[in-house]
Amino acid sequence: MRGLGLAGVVLVLLALVYLLGDKSAALVNQAVVTGTLLGGVYALVSMGLTLIFGVLGIVNFAQGTMLTLSMYAAYVLVTSLGLNVYLATLLLVPLLFGLGYLVQLLLLNRLMSEGETEGQLLVTLGLSLLIANGLLLAFGGQPKSITAPVGGNLRFLGAVASVPRVIAFVGAIVLALALTAVLQRTRLGLSIRAVAANGQGAAMVGVNVKRVFAVTFGLGAACVGAAGGLVLPFFSLTPSTGEQFTILAFVIVVLGGLGSVTGAVLGGLAIGLLQTVGGLFVPGTGALLLVFAVFVVVLFVRPQGLFGSDL
Amino acid sequence: MTVDQSARRTTVTTTGGTGSQRQYLVLGVVVLLLALLPLVLPEERQGVAVRTLIFAILAVSWNVMSGYGGMFSFGHAAFFGIGAYVDAYLLVDHGISPWVAMVVGAAAAALFGVATAYASLRYKLAGAYFALATFAFAQMLLLLVSNLSSLRGTEGYNVPILSESSWSKIQFPQGDSRYYWIPLGLLAIAVAVKIALVNSRAGQFVVAARDDATAAEALGIPVMRYRLLAVAISSAIAAVAGVYYVQYYLFVGPDNAFGGSVSIEAIVPAVIGGVGTIWGPLVGAAIVGPLSELTSTLLRNPPAALAFLEGKAGLDVITYAVLLIAIVIFLPRGVYGSLKARFGR
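From first to last, the protein sequence lines are chains A and B.
According to the working numbering, the first sequence is numbered sequentially starting from 1.
According to the working numbering, the second sequence is numbered sequentially starting from 1.
Heads up, some of the hints might be wrong.
[Stated by the list, open to error] In silico negatives: residues of chain B with every beta carbon more than 10 Å from chain A: (1) L27; (2) L37; (3) L39; (4) S146; (5) D176; (6) V193; (7) R201; (8) P302.
[What the hints assert, rightly or not] To be clear about the criterion: a stretch of chain A counts as covered by chain B if any three or more of its residues have a C-beta under 8 Å from a C-beta of chain B, and this derived list gives those stretches: (9) 104-111; (10) 136-148; (11) 286-300.
These are calculated hints, taken from the structure and not from any lab test.
Every residue, glycine too, gets a C-beta built ideally from N, C-alpha and C.
Chain A on its own, in the form it takes in the complex (with noise of 0.2 Å):
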């Protein structure tokens, strides 16, 4: 519901940029495709974070830098195997999950209990600079990138969009429905649902929380594994290149409302949205001001109860 409202206010916004903003239509068109597009590549990211921010109820301040990673991995596997990027990215999906359910066995299961909230966000952000700065020591700083297999642009509207940011957008798209129908119609799936609504009262009934904790966050660090494939066609790549993501994910996965994939998926578009179209009344990295006004904004109005987690 939240994320119907959501899309509403962004419909209403864009038709009163085209309506009533002096910009050319062809201008604007342009700016919604390649914020869609943006937007595809923010729901990527922010997929894996809403369920662990919203089943764990951590806040994993290393999002950004396992997308990173899962792009160094890709890039390792192109480069040296010679596999086609998207191959690549199949074989990412379960070596991040592997990661993201050991470094939730190891480290994180250990300050699960109430009122560790600080103690997991340091974890996270230990970790993030574990990661950016094992990347830097192994690949060192300059930019890296890969050619596309697949190149050439859509025409769409009379807008340009490159193929590579639309398959990373099908992809998105394609990641999202898969995740629901894990969670919607599998006994997995229902574990964690169950023991996000009510921990204590999953493992009455038999669920081993842990393990599900370790899933969960195995499944939020796969999503990133899919990302890291999907875009490194279009960035290019440094050790903090993911770094970027990390608070906007953030802002989407608050926006969407915690635990929503859809949400998450809506989330990106609108942020991505407000990116570039708010990019062509805002000059500079004033677009990304506004992104992070609108997070403030609905950080104080949509106080945590709304989301129906009390963290």
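Fit chain B to the known structure of chain A by using the hints.
Below, chain B without anything else, positioned relative to chain A:
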């Protein structure tokens, strides 16, 4: 205070006057000993020592708001950066002394801190949400400054280098010990302020609000007022660290004033040393500061087994990231906090 809360935080001893006298005495001795350091330290190590002192001040500041106040700040860069930019703006554009900037910057940062904390607390943001909000405020300042050409955008400020020593502009010959003694003095003042706060009635109220805001409120303590007091003191101290940072490095830009790494460097020494203790942040800074020097020396001249590391960057942060994770999981009270719990009074 319940058991699970005290696992992360150390109770403040309510010893009153005599306790604080003892703490001031320890502070005096520690500062005197540290003041002798430039006499034995080779000149090229001064940078590490000064950097350690600056981040010790920042960690002391963070500890007031987050350790004692229980309001987890993930955006201390906001206050540090305000101090840094007030200094750069006043000095470079108007020729006003950094000593004035310390007062103005501290006031501006305290104002900003109180305003943002008031808004966040008023809307009942707590825990992770409060932390995210502070982070967002620091990022907003970063973006704002990068876009303001009147504050030189992404270029930042270079402090003009004077031809002669000047106390009022805090400029001395390179390697001068005064570059070390000034931040040491500032650190001493910051710690003294913290001791005074912790031992005061106001400080007890701050801690009471941290441990159980509802109960404190029920006892008639104006929780919001005392929380904001802690935020104001904390932001002011952080701003002073920012002012001195610019004076020592003679440069400030959006990233090294408001960047996320500044906030992290405020948190890490406090957590490693011991959150909610007087000496924890100092112990933490004394561990983290030299550690980065140690690892960078290791990278310059690695032993044969680690030869592949030569000339690489990142090992210093890796070491303290590992330390951070290990401390949070195995020593939640930090190095000093755990020692105190084991051997303390």
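Consistency of the hints with the structure:
| no. | hint | in the structure |
| --- | --- | --- |
| 1 | L27 | 27 Å, holds |
| 2 | L37 | 28 Å, holds |
| 3 | L39 | 35 Å, holds |
| 4 | S146 | 6 Å, violated |
| 5 | D176 | 33 Å, holds |
| 6 | V193 | 24 Å, holds |
| 7 | R201 | 26 Å, holds |
| 8 | P302 | 12 Å, holds |
| 9 | 104-111 | holds (count 3) |
| 10 | 136-148 | holds (count 4) |
| 11 | 286-300 | holds (count 9) |
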